[in-house]
Structures are given as C-alpha cells and as structure tokens.
Amino acid sequence: MIARDRNWLLIFAVCVALAVVYPFVAGGYQLTVIRDALIFGLFAASLDFFWGRTGILCFGHAAFFGIGGYIMALVTLNDAIPFASLLGIMGAVAGAAFVAAIIGYFLFFGGIRGSYFTIVTLAMGVICQQAAVSWSSVTGGDSGLIGIPPIAFDVGGLHVDLSQDLSSYILVAATVAVTVLALWSVSRGRWGTVLTAIQDNEVRAAALGHNAPLRLLVTFVLSAAIAGLAGALYVCMAGLVAPDLSGLLLSTEVIVWVAVGGRGTLLGPVLGAIFIQRAQQTISSFNPSLWPLLLGCVFVIIVFVLPDGILSIYARLKSLFKGRRRAQ
Amino acid sequence: MPPKACSPACANASPARPDAMDFLITTLLNALTLISILMLVGLGLAISFGLMNVTNLAHGEFVTVGAFAVYFVQSMGGSFWLGLAAAPIAGAVVGCILEFAIIRHLYSRPVSTVLATWGVSLILQQGLELTFGLGAKPVTPPIEGTLDLVFTVYPAYRLILIGIAMLTLLGVILLISRTSFGLDIRTVIQNREMAEGVGINTRRTYAIAFTFGAAIAGLAGGLVAPLAIVLPQMGVNYLANAFFVVIVGGVGSIGGLVAGSVFVGGLTSILNYQISPSLAQAIVLLAAIVAVRLRPNGLLNGASR
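If you're matching them up, the sequences are chains A and B in order. Just so we're on the same page, this note's numbering is the position in the first sequence counted from 1, plus 41. Just so we're on the same page, this note's numbering is the position in the second sequence counted from 1, plus 1120.
Keep in mind the hints are simulated off the structure, nothing from the lab. Backbone N, C-alpha and C fix where the C-beta goes; we use that ideal spot for every residue, glycine too. Hints may contain errors.
[Said to hold, decoys possible] Example chain A residues on the side facing chain B (calculated, C-beta under 10 angstroms, incomplete):
| # | residue |
| --- | --- |
| 1 | V244 |
| 2 | A248 |
| 3 | S330 |
| 4 | C338 |
[What the hints assert, rightly or not] So, partial list: chain A residues that the calculated Cβ filter (under 7 angstroms) puts toward chain B:
| # | residue |
| --- | --- |
| 5 | A164 |
| 6 | V167 |
| 7 | S175 |
| 8 | V179 |
[As the list claims (entries may be wrong)] Distance windows between CB atoms, simulated:
| # | chain 1 | residue 1 | chain 2 | residue 2 | range |
| --- | --- | --- | --- | --- | --- |
| 9 | A | T323 | B | T1260 | 41 to 49 angstroms |
| 10 | B | G1283 | A | I342 | 38 to 46 angstroms |
| 11 | B | F1271 | A | I342 | 54 to 62 angstroms |
| 12 | A | I187 | B | F1271 | 44 to 52 angstroms |
| 13 | A | L290 | B | L1148 | 36 to 44 angstroms |
| 14 | B | L1254 | A | G182 | 35 to 43 angstroms |
| 15 | B | R1312 | A | Y63 | 49 to 57 angstroms |
| 16 | B | G1255 | A | S208 | 38 to 46 angstroms |
| 17 | A | I187 | B | Q1394 | 46 to 54 angstroms |
| 18 | B | V1410 | A | S178 | 22 to 30 angstroms |
| 19 | B | T1260 | A | D120 | 49 to 57 angstroms |
| 20 | A | D183 | B | D1139 | 35 to 43 angstroms |
| 21 | B | I1263 | A | P191 | 56 to 64 angstroms |
Could you put together the complete structure from these sequences and hints?
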C-alpha cells in the first residue's frame, strides 16, 4: 500500500514536471490544445472520483459539465454582474452541486444503486441536452451562446487577465494538479476507505455505523461540483457554449477516458483524456463519422481485453515476466 | 443528437374538433398509442433488465433496426405489411448476435455489460448511418385517412397500431403462462440454480428470452416508423423511456409493465398538450424519480422493500 502511494506520487511528480516544461518547448497553438485536453482531464478525474471510489457508474456526467458551462456563460455575458468571472465560476460549481444534490438525494436515499443509478443518470443527461436545445430564450438553442469573455478579475488592485495562451494554460494546469492531488488524498484517507467498504458491502458498512447514503451523496455532489468547474473553465477558454457540452456523447467519452486511463487511479483518467482526444482529432480529420464507430469498438475492446485500463498492460507484462522467471 | 421531434412524444395527433368530449377521447387515444409502444419496447427490457439483471443499453437500437427494416422493405418496393413482418425478424437477428457475442460472457459483470452494450449501440447507429446515409428516412403508413368514432375522428393507422400492440401483449401473456417454454422462463427467473438442477438449459432459455425481447422491440420500431422520424439515433429516446417504464412499474410482472407504461406514457401525453415536448419529458423523468423514491419496488408492489 505504501509502495503504491509512493509510485502514484512519483508518477504525479513526473506529470507535473512535464506540464511545467511543456510551455518552454511548445508554441501557442499546441499549448491551447493541451490546455483544453487538460480541462477534459479534470472532468474525467471528477467522474473517476465517484465511479472509481463507489463503483457506481454515472452515465450523465456531462450534464454537470454542461450546467457549469451554461451558468458561467450566462453570468459572464451579463454586463450588470460585477466580478463576473469569479462569480461565474462559483455559480457554476454551486449550480452543478445543487442539481447533483437533489437528484442524488432521491436516488441514494431511495435505495437506487448499480444499474438503476446508471439508467437514471443516463436519462438525466438526455433531459439536460433537450432542455439546452429547447429553452432557446436563455440557452441560445441549438447554436448555443458565443462571445464568452476569457477569465479576468481584480484582486487587491492586481489585474489578472487570462486571455493569453500561457496564462490560461498555467491556470488550468495548476487547477488540474491541485484538484487531482486533493481528490487523491481524500480517496486514500478515511473517506475513501469507508467508500470502499460501502462498495464491498453496504449493509455491513451501515451496520458499523456509517451513513452510507450520505457518504455516497456527498461524494457525488463533490464529483459534480468539479465537473461544473471543468465546464466553466472550458467555456471561458473556448469562448462558446453549446448543447453538445451536456450531451450523451460527451458523457460517453468521459467514461472511455476513465476506463482507458484506469478506473480509480485519478491520474490515469487525466492522461486517458489527453491521449484519446489527440487520437480523436487525428481520426476525425480523416472522416468525422468514423470516430463514434471507433469509440464503440473501444468500449467493447476495453471490456473484453483491458478491464483495468491501459496502465494495466504494464502490470500484466510484469506479472508475465515474473511468472516466466519462476517457471524456469 | 436526434432532433426533439422524434421523441415518442410526437405520437400525438392534433384534435380535429375542439369540444370537450372530442378532446378527451383524442387525448386518451394519443396516450394509448404511446402506452402501446412503450409496453412493447419495455417488454424486452423487463426481460433483460428486470429478470436477467442485464443492463442492455443497445435495446433502443432494436427499435431503430425494426423501423429501418420497414423503411428498407418499402424502399425496395415491398408493402408496409411485409416490412412490419421483417421488423421483428431484424430485431431478433441483431438481438441473437448481441447475446451470443457479448452479453452471455458478461452475466457476472454488470458494469462491463453497460459499457459493452453502449459500444454496440454506437457501432449500430454509426453502421446504419454509413449504410443508409444521413437524414430522416420516409416511411408511409399502410392506410391514410381517418376513422369516424362517434365522438371524434382519429387516424386509422393509430388504431391499427394500438390493436396490434394489444394482440402482441396478449400473445406474450399466453406464451408465458400457458406454454412449456413460458414455464421454463418462469422457473429460471425464480431460481436459476434450481432450474439447472431440474434439467433446464438456463443459457439457452436466457438466449431465447433475450432474442424474443429484441424481436418485440423490433416490432415496436416497425409499428412506430410511420409516425416517428426514422433516424439511426432514434433509439435513445425509447431507451430512456422504456427503462423508466420498467423501473417505475417494478420488475417481474406484466401488470407492472402495464402500470409503468400507463404512468410514463399517460403523463407524457397529457403534458404534451400544455407544454413543449422537451419540458414534458423532463417533468415525466422527475416524476419517475420521485415515484421510485416513494415506491422502490414498483407502483404495484407497495412501499415496503
């Protein structure tokens, strides 16, 4: 266990070092590509915090990403609101958390677990996207809202403006690093241990005095809040928000990022998000309709060949060689 | 994503004569149309999700495949009825392959089933789009025109749809309660080990039951094709609604299936007169979530757990 923690921190440190070095070697455009991928990585980490720790799959996580994005867009596009960027981010996080709290209350305290939870959250994603399309007086309908300004605010006379590629990259990279580290320390501590106990046997965990539905609810709300934060960041960087951001396809893709990166590792999903998006951009440049087809194949392959994600290849090879050596 | 118009909500016909009795009967028949479709789609899910504990996210694609079967037969010059006969066969073929290739290997891994069937769903959607091209496919109903029921006039095809759906449901009830295969299914559902102990091939029973559910969903797709917008992505709307039918109604009985369909379909139809279809859909979903909170075992099974 201790060795595993050390390994995780080692990989984390390497990733942070790479993120620090990257701006020195990469130009403006490449920087923005990685920045956007990192935001989706944060989104993937938020799903992994819930799915990886509780074993319950949320199939509509993009709903929270979209809610965060739309709230951020509406707040920053309204000229009457002061400190729009900061208030927008707070509103995005609070809004996503609020929706998650309501839905989570009904589901977790209603005894809904496993597949049932997956289905309800799936429907939630469908509804959110439909709402974004049909409530066009507020959300701009199919075409969404454009012209969202980059993050900018004043702190004690100091003007912070994140419209530049480098400054926005630093903000995003720092946010992702801090959040992933925080989620990791939460999930390896007592909180995570109890969640594991609930996942293994909820009745026994409850008998030991743990309020299982409340723990699950708080974890879910936290996960949704981070997804909302990721949505708010993305909207400011991209400058637009559209119904796709809360759609089923994004909900699906984030599951692939987590599954490929390795569920429960928090860092793996971030890396998974970055690599798969690179692949997606390459493949979509050949033929846009090929990507969903390949995505479907990736799902099936993961389930049958790599149930523990890409990182498990290393562990498998290691055990393979160990087995060989022992056999000789 | 599919346009909102192809949600089951579009099964509403506008009232022809605006008086109270007319309005009531039309609403009732609209609700009955939607309820019939939901029952047929939900039946397959009740078998796989409710009884075999398999979360099949590709179930909506059986509906799509059924609708495309009708479109394909019609575009080749065949009649609607020939297409409607092909629809359940197409659904069954896809269901059988899916069960054989994927689902039977994952009975003990529920989350993996969710991921794999979702992958299959994406592959099927994109495969249909690559084969048949972008855009909605036209399907013409076998009978145009309306039928004069004393209080209102109503499209004749919708009445046929309701009739076929009811007959199918009756057939399924008879199959499960009167035949030896129905007995096998009921035995396997009650206790799988015991069923194996008395010599029932449970794998085969599961496979046949799953294929059967897929065939019924394909039939539903064929029936709804002239009313809906036939798109490769049309299945997801039926998927979400059908899951709610099964969850709200409770698993394990035809009565629960009917209750769930009446709840979801009836509420959707009534709300559709007042507000936009998307908002109606959202309210139905929220009502379903609240219903599940209050009656976790289904509408008919009381509040105890």
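| query | Which of the listed hints are broken here? | reply | 1, 2, 8, 14, 17
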